[in-house]
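There are 2 protein chains.
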Amino acid sequence: MARITPRSVNYSEWYINIVTEAKLADYSPVKGCMVIRPRGYALWERMQAVLDGMFKETGHQNAYFPLLIPESFIKKEAEHVEGFSPELAVVTHAGGEDLEEPYVIRPTSETIVWSMYKKWIQSYRDLPLLINQWANVLRWEKRTRLFLRTSEFLWQEGHTAHATAEEAQEETLRMLEVYRRFAEDWLAMPVITGQKSQSEKFAGAVDTYAIEAMMQDKKALQAGTSHNLGQNFAKAFDVTFQDRDGKQSLVWASSWGASTRLIGALIMTHSDDRGLVLPPKIAPTQAVVIPIYKNQNKAAVLAYAEKLRDSLKSRFRVECDFDDNNSPGWKFAEWELLGVPLRIETGPRDMEAGKALLVRRDTGEKIPAAFDEVPARLEGLLAEIQGGLYDRALGFRKANTVGISSYEKFLAFFNGEDGGFAECPWCGDGACEAKIKADTKATIRVLPFGNEERAAGTCLACGKEARHLAVFAKSY
Amino acid sequence: MARITPRSVNYSEWYINIVTEAKLADYSPVKGCMVIRPRGYALWERMQAVLDGMFKETGHQNAYFPLLIPESFIKKEAEHVEGFSPELAVVTHAGGEDLEEPYVIRPTSETIVWSMYKKWIQSYRDLPLLINQWANVLRWEKRTRLFLRTSEFLWQEGHTAHATAEEAQEETLRMLEVYRRFAEDWLAMPVITGQKSQSEKFAGAVDTYAIEAMMQDKKALQAGTSHNLGQNFAKAFDVTFQDRDGKQSLVWASSWGASTRLIGALIMTHSDDRGLVLPPKIAPTQAVVIPIYKNQNKAAVLAYAEKLRDSLKSRFRVECDFDDNNSPGWKFAEWELLGVPLRIETGPRDMEAGKALLVRRDTGEKIPAAFDEVPARLEGLLAEIQGGLYDRALGFRKANTVGISSYEKFLAFFNGEDGGFAECPWCGDGACEAKIKADTKATIRVLPFGNEERAAGTCLACGKEARHLAVFAKSY
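If you read the protein sequences in the order shown, they are chains R and L.
Residues in the first sequence are numbered from 0 upward in steps of one, following numbering that gives the first Met the number 0.
Residues in the second sequence are numbered from 0 upward in steps of one, following numbering that gives the first Met the number 0.
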C-alpha cells in the first residue's frame, strides 16, 4: 500500500503520487497536456458550480468565444504579444489547405473578446458588459506538472467593459474578493490578497491583483488573478462608446481568471502522507459508508449500511462501498487516499447496537454515534473538519511567515532550508526586485492590502526609502 | 421592428435573423466559427444541466481529454481517418519551435480516449468504463451556418468500454433513448429514432443510430447520434482485458454525442415570424413581468410588479423588465422576439383590481388572473405550452410525411416544391441510395425502429425485394 512517498522524503514526488494514485489526473500522449480523470473532474465540477453561482450573483453572464484567434489580433496590444508569444501554438493549415493567416490557439481571450465588444458596444447603455467564459486554453510550457502547470488547462475568464476607470477598478477588486471568498470559505485555503508588482503583472494589464496561498513546502501558489486592463484593449481594438453627453470615449476593462490549477493548490494545502484530504464543502463525496461483514451476516449488514446511507443522502453527498473483492482494511486505506472527509463503519455489532462509527479523515478521530444521531453528527463533524483544515493551513502560514528587513537575514532565509513568506519593506524599484530574484529565486508574490502603514523603513535591497510592504516567496 | 424576414419569404434568412436578433450567436472574425452570446449560452447551459443529469443517472462520469491529438493517432483506424482528414485543423509549431509530429485539433476524441483506455483497462473489473466529456471540437467546414454547422462547436461525447458486444449494443441504444427523451420531453421536439444506413454512419463505427427531427422547411435535422464501435478502436489501440476465465479479449465500445446544433434544431422547430419560441422546460426565462405605468403611478406599479415577481421566483425562472427607455409595446415585441413563453402585464388597473394579465408567446392568448392565482395559472400554462409545442411539431411532421413506393412519385415529391419525409421500401443496397441522392438530394435519414413489418414490397429504386423501411428526406 505504500504508494505515496512521504512529504519529508520527496515533496514533489508526494504531490505527483497523490494526483495519480487518487486518480485525479494522468499523463497524456500529448506533450505537457494531462487527462483529468473522473475523480479530478468531479472536483472541478464542484468548483465550477460554486464559482459560477458567485459570478452570476455579481451580475455576470456566460458566453463562448472561438478557440482560435487570428495571429494579427494577438499583436495588437504590445505588452500582450510580448508576454504570450513564446507560449503560442499555431494552426497553419486546415481543411487540407494552407491558411492565409495563421491562427493561434487562445492562451487567453482578451483579443478575440474585444474584437467582438467593438461590435456590441456603441452607447453607455451597452455598459457595463459583464461576461464570463468557461473554456480550455493553451500555453506551450517547457516544464509541466499535473494541474499546476500544463500546456492545456481549463479555466474561466471574465471580461468586463465599463464606462469609467472607477467602475473597472471596482470590478477588478470585486472579483478578487470573489476569489478570496471562494478560496477561504470553500477550499479552506487561506490566501493573501493584494497587488502584483509591475514585473509580475498580466501582459496587457495596467494593474494585476492576486490571491496567493502557501503550500506545505512553504512555497507560494498564485490561485487566481484579477486585472485592471485600463483602456489598453479598447485602444487596440478601437472600442469607444457614446456617453450620456454624446461624447465618444474609450471603454475601460477588467479581466480575471482561475483555473484547474486550483486543484493542485487544494491538494498541496491539505493533503498528508496517506493521500488526499478534501474540505467537506468542496468534496464530491463527503462520507463513505463501509460495511464490515462475514458471510453469515452479510445481507443484514449491507441492508443496515444502505438504510444509513438513505437516511443521509438528501442532505449529504454520501456513497456506500459494497465491493466484495477488498477487505475493510483495504477500503479504509483506499478512501483515505481518495480524501473523503468522513468514513462511516457499520459492522454487525454496530448494527445490533443501532450505531455506527464515524472516522475523521483529517485527524483519524473515531466517533461512535447512534443511528438517529448520525445526520446531526455528520453535519457537525463536516463543519468542524472544514474549519479545522482552514485553521491548520492558516496556522502553518503564520508559523512560516516572518518580517525581515535585513538583506543578510533575507539571504539566509531563502538560501537556507526553511524558507516561507518574508514580509519586507521595498522601495518599489524593479531593479531591486530583479536583484533579489537573482540572489534567492524569491519573487514578490503580492503587495498585500491593508499594510500601508507597515511599509515604513528602508528597502531591503538598496536601503532607499521603502514605499511598499512586499511578501516575498519562492513560488510555483 | 421588422427585423425578421418571414419564413414564407426566405426561410434561411428567417433562421439567421432569429439567431442574430435574439442575440443567441454572432459571426466571429474566425472563419466558420461563431460566438455564442449570453442568451444562446444560457440555453446551452440549460441543455447541459439536463443532459448531464441524465448521463449521471445512467452511471456515467465526466472527464477531460486533451484538445490536441497526435496526427498518427487519427490514422490508426482506417475509416476514421478517411472520414475526418478533410476537416482537420493542424498545429505545426508551438512554443516557437516546429513540432516533431503535428497535432490535430480534436474533431472527435475516440483516438485520444482509447490511447488512455489502454492504460486504464486491464481486467474485466475495470469494465464497463462509462465516461463523458463536455468539450469544444473543430471540423473545418466550407459552408457554415450559425449553430447548425460551424467549424468549432461545443458538444458532449460519451466514450464507453465494455466486456461484451451485447453490453456495447445495449449502451448504444440506451444513450439513443436518452437523446430521444431529452429531445421530446425537454425540447418538445418529436424525433424519429433508428439506425443509419452504412453510407451515413460515423467514420469508424460498426453501426450508427440517430434521432432525426423535421424542421419547419420540412428538411431533416440529425440531432444526436449513438455509435456501436464494435472492437474497431480497441484493435487500433490494442486495448484488451483479462476476462473472468483469465483469457485476453479485445474491448467493445460505444460513443455518442449531441452538440450546440440542438439550439439550431430548437429554433427551427418552434419559432415563428415574430421570433424565437422556447419550450418552457428549457427556456432560461419562463416568464417576464412587464409593468405598464405613467409617471404619477410608476413607483406603485413597479412595487406591484416586484411583489408579483417575488411570489413566483422560488418556483419559476422569472424576471422583470423595468427598463425606462422603452415603451410597453416595444417591450412586448422584444420579449416575443426573445422567445420567453409567458409575458405578465401589470398596469395600474391590474394593480387596483389585484390582478395581472398573462399572455402566451405561442398562441397570443390573453389570460387575466388574480394575484394569488398567478403561480397556479403560470404552472398550468407553462405545461400547456410545453405540450402544445410538441403536439404542433408532431402534427406538422405527420402532415408532411408520406409513404411512397413508386419512384416516379418519389421524384415528384422531392423535386417539387413540397418535400418532407418519405417512408419507402429499400433493398439495402448502397447503389440505390446513391442513385436516389443524385436524383433528388434526398438521403436516408434513418431506418426507423419498429417498422420491420412495413418493409414489405419492392425497393423504390431498383425494384428488388425490399429489406428495410427507410425515411428519406433532404437534410441539414
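Some clues are possibly wrong.
Quick list of the computed label-pair ranges, beta carbon to beta carbon [stated by the list, open to error]: (1) L:273 / R:74: 29 to 37 angstroms; (2) R:372 / L:52: 52 to 60 angstroms; (3) L:52 / R:379: 57 to 65 angstroms; (4) L:9 / R:247: 55 to 63 angstroms; (5) R:180 / L:74: 30 to 38 angstroms; (6) R:121 / L:273: 48 to 56 angstroms.
Some but not every residue of chain L turned toward chain R, in silico, with C-beta under 7 angstroms [to be verified]: (7) 40; (8) 57; (9) 58; (10) 62; (11) 69; (12) 90; (13) 114; (14) 133; (15) 135; (16) 395; (17) 447; (18) 448; (19) 449.
A few chain R positions that, by computed beta-carbon distances, are all more than 12 angstroms from chain L [what the hints assert, rightly or not]: (20) 30; (21) 43; (22) 71; (23) 135; (24) 229; (25) 292; (26) 315; (27) 381.
Don't read these hints as lab results, they were simulated from the structure.
A virtual CB, placed ideally from N, CA and C, is assigned to each residue, including glycine.
Self-check item: Per-residue hint verdict: residue 448 (chain L), partner chain R, C-beta under 7 angstroms
Solution: 32 angstroms, violated
Quiz prompt | Pairwise beta carbon distance, residue 372 (chain R) to residue 52 (chain L), judged against the given window 52 to 60 angstroms | solution = 32 angstroms, violated
Exercise. Identify whether the interface hint at residue 90 (chain L) stands, where standing means a beta carbon of chain R within less than 7 angstroms of its own.
Key: 5 angstroms, holds
Exercise. Verify the interface restraint on residue 58 (chain L): the C-beta must sit less than 7 angstroms from at least one C-beta of chain R.
Key: With a closest approach of 11 angstroms, the residue 58 (chain L) hint is violated.
Quiz item: Are residue 9 (chain L) and residue 247 (chain R) spaced within 55 to 63 angstroms by their CB atoms?
Solution: 36 angstroms, violated
Quiz item: Should the label of residue 292 (chain R) as a non-interface residue stand, given a Cβ cut-off of 12 angstroms to chain L?
Solution: 20 angstroms, holds
Quiz item: Does the Cβ distance between residue 180 (chain R) and residue 74 (chain L) fall inside 30 to 38 angstroms?
Solution: 49 angstroms, violated
Self-check item: Outside-interface status for residue 135 (chain R) - nearest CB in chain L farther than 12 angstroms
Solution: Nearest chain L Cβ is 6 angstroms from residue 135 (chain R), so the label is violated.
Quiz item: When the nearest CB of chain R is found for residue 114 (chain L), is that gap smaller than 7 angstroms?
Solution: 5 angstroms, holds
Self-check item: No chain L beta carbon within 12 angstroms of residue 229 (chain R)'s
Solution: 23 angstroms, holds
Self-check item: chain R contact restraint on residue 69 (chain L) - CB to CB distance below 7 angstroms
Solution: The hint holds - residue 69 (chain L) has a Cβ within 7 angstroms of chain R, the shortest such distance being about 6 angstroms.
Exercise. Against chain R, run the beta carbon of residue 395 (chain L) and see if the smallest gap drops under 7 angstroms.
Key: 31 angstroms, violated
In summary, the numbered hints that this structure violates are 1, 2, 3, 4, 5, 6, 8, 9, 14, 16, 17, 18, 19, 20, 21, 22 and 23.
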